[in-house]
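Number of protein chains: 2
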Amino acid sequence: MPDGRGRPPRYSRDELLEKVVTVFNERGYEATSMEDLARATGLNKSSFYHHFNGKEELLGLGVGRALDALAAVLAEPAACSGPPARRLEHVVRRTAEVLVAELPFVTLLLRVRGNTEVEREALGRRRDLDARVADMVRAAADAGDIRPDIDPRLATRLLFGMVNSITEWYRPDLRPTAGPAVVDAVVTLAMHGLSTRSAQ
Amino acid sequence: MPDGRGRPPRYSRDELLEKVVTVFNERGYEATSMEDLARATGLNKSSFYHHFNGKEELLGLGVGRALDALAAVLAEPAACSGPPARRLEHVVRRTAEVLVAELPFVTLLLRVRGNTEVEREALGRRRDLDARVADMVRAAADAGDIRPDIDPRLATRLLFGMVNSITEWYRPDLRPTAGPAVVDAVVTLAMHGLSTRSAQ
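Residue numbers (our numbering), protein chains in the order written: chain A, 1 to 200; chain B, 1001 to 1200.
So here's chain A without its partners, still in its complex pose:
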């Protein structure tokens, strides 16, 4: 929307949010000012406030987009019926796909430390999702399809430690077509590990 002082870039709300989240990831949420955001998006502060109430709303929208996408995975039919190990494999694959597709948003989510109300709510939603996956690991172990010798919560943490590490090193700007290979590797390692010898 023109503000009478030149022609500001016309971003959709989603495009604007992605730019904002990228700035949060680069500078850190705490260290980012509304001025930084206005500069990075080419909007002045009043145009900015036309779209959003403030920094914490932007944080909430950013982590909300990641959480909604991750929660949607757990609601997919293949995550809700069938043998537990199959459901788990589906969730691992789709979660990795969400990380690749929504990289800046999930990166922001994973850096949240609980300093604000919005962050604490996001951490709570993350914990709920983790607990539901841990239940799936437990059910798969009970069914005999997943090794029973690792505590399900520990297995879940290590599994998502691997999956979430994608946000640390995957650079779609450098290797835009690598996403599917990354996802396949995650699923294979999670389910079968590195070794070509069968599990003991």
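Take the hints with a grain of salt, since some may be wrong.
Facing chain B, a subset of chain A residues (Cβ under 8 Å, in silico) [stated by the list, open to error]: (1) I150; (2) V186; (3) H192; (4) G193.
Some chain B residues near chain A, calculated using beta-carbon distances under 7 Å [claimed, not checked]: (5) I1146; (6) L1154; (7) L1158; (8) M1162; (9) S1165; (10) W1169; (11) A1185; (12) G1193; (13) S1195.
Just so you know, these hints were derived from the structure itself, not from any lab.
All values reported here derive from a predicted model rather than from experimental measurement.
Each residue gets a CB set at the ideal place from its N, CA and C atoms; glycine is no exception.
Chain A is already provided as a structure; the job is to place chain B on it using the hints.
Relative to chain A, chain B alone:
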């Protein structure tokens, strides 16, 4: 060393460094002032400067301790001879043990982003270590003991994504005896994955 204004706590240099690194991890290195460090250690600034030249020296010592311990793993006899898959398994196990034993120091290392000369040197040393492990993965794949269908660098990243996640969730203050179970789970998942069915 008493400073004439009361009796400051008598820490060894190592104990002092561990306290400092804990503050860096809690507040972030950039956001920590020498005053924060003096307060957290119960020393005044002049006593502090008696031990250390400044913040960047402390950062260098902290990440150096992590890097030295990780590099020492790669120099162990079991990492240097024998079948590559065995060497790799040894390195995964010992690296996880180093993370558990040197948790604050490795946590600091993993958060380094390259903003200072000390940080850039640390990132360089980390890259060297990663490259040596990737060579080990490649050798194990060539020997037929590690699945050949995942790029060795990608496998190394995912493997250490899982191992390094220990610093995100392992709380020795809450579960001081859980270390060995965490290490065993890391090795088992890395080599054999979750599934009880043999790899395809």
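Evaluated hints:
1. The restraint placing I150/A at the interface with chain B holds, with a minimum CB-CB distance near 5 Å, inside the 8 Å limit.
2. Proximity of V186/A to chain B holds as hinted, the smallest CB-CB distance being about 6 Å (cut-off 8 Å).
3. Because the smallest distance between the Cβ of H192/A and any Cβ of chain B comes to about 4 Å, under 8 Å, the interface hint for this residue holds.
4. The closest approach between the C-beta of G193/A and any C-beta of chain B is roughly 4 Å, which is under the 8 Å cut-off, so the hint is satisfied.
5. For the restraint placing I1146/B at the interface with chain A, the shortest Cβ-Cβ distance is roughly 5 Å, inside the 7 Å limit, so the hint holds.
6. Evaluation of the L1154/B hint against chain A yields a held restraint, the C-beta minimum of about 5 Å falling below 7 Å.
7. Using the Cβ-Cβ criterion of 7 Å, the hint placing L1158/B at the interface with chain A is satisfied: the shortest such distance is roughly 5 Å.
8. Using the Cβ-Cβ criterion of 7 Å, the hint placing M1162/B at the interface with chain A is satisfied: the shortest such distance is roughly 4 Å.
9. Using the Cβ-Cβ criterion of 7 Å, the hint placing S1165/B at the interface with chain A is satisfied: the shortest such distance is roughly 2 Å.
10. The restraint placing W1169/B at the interface with chain A holds, with a minimum CB-CB distance near 5 Å, inside the 7 Å limit.
11. Hint on A1185/B holds. Least Cβ distance to chain A is approximately 5 Å, under the 7 Å limit.
12. With a least beta-carbon distance of about 4 Å to chain A, the hint placing G1193/B at the interface is held under the 7 Å criterion.
13. This hint holds: S1195/B has a C-beta 4 Å from the nearest C-beta of chain A, less than the 7 Å allowed.
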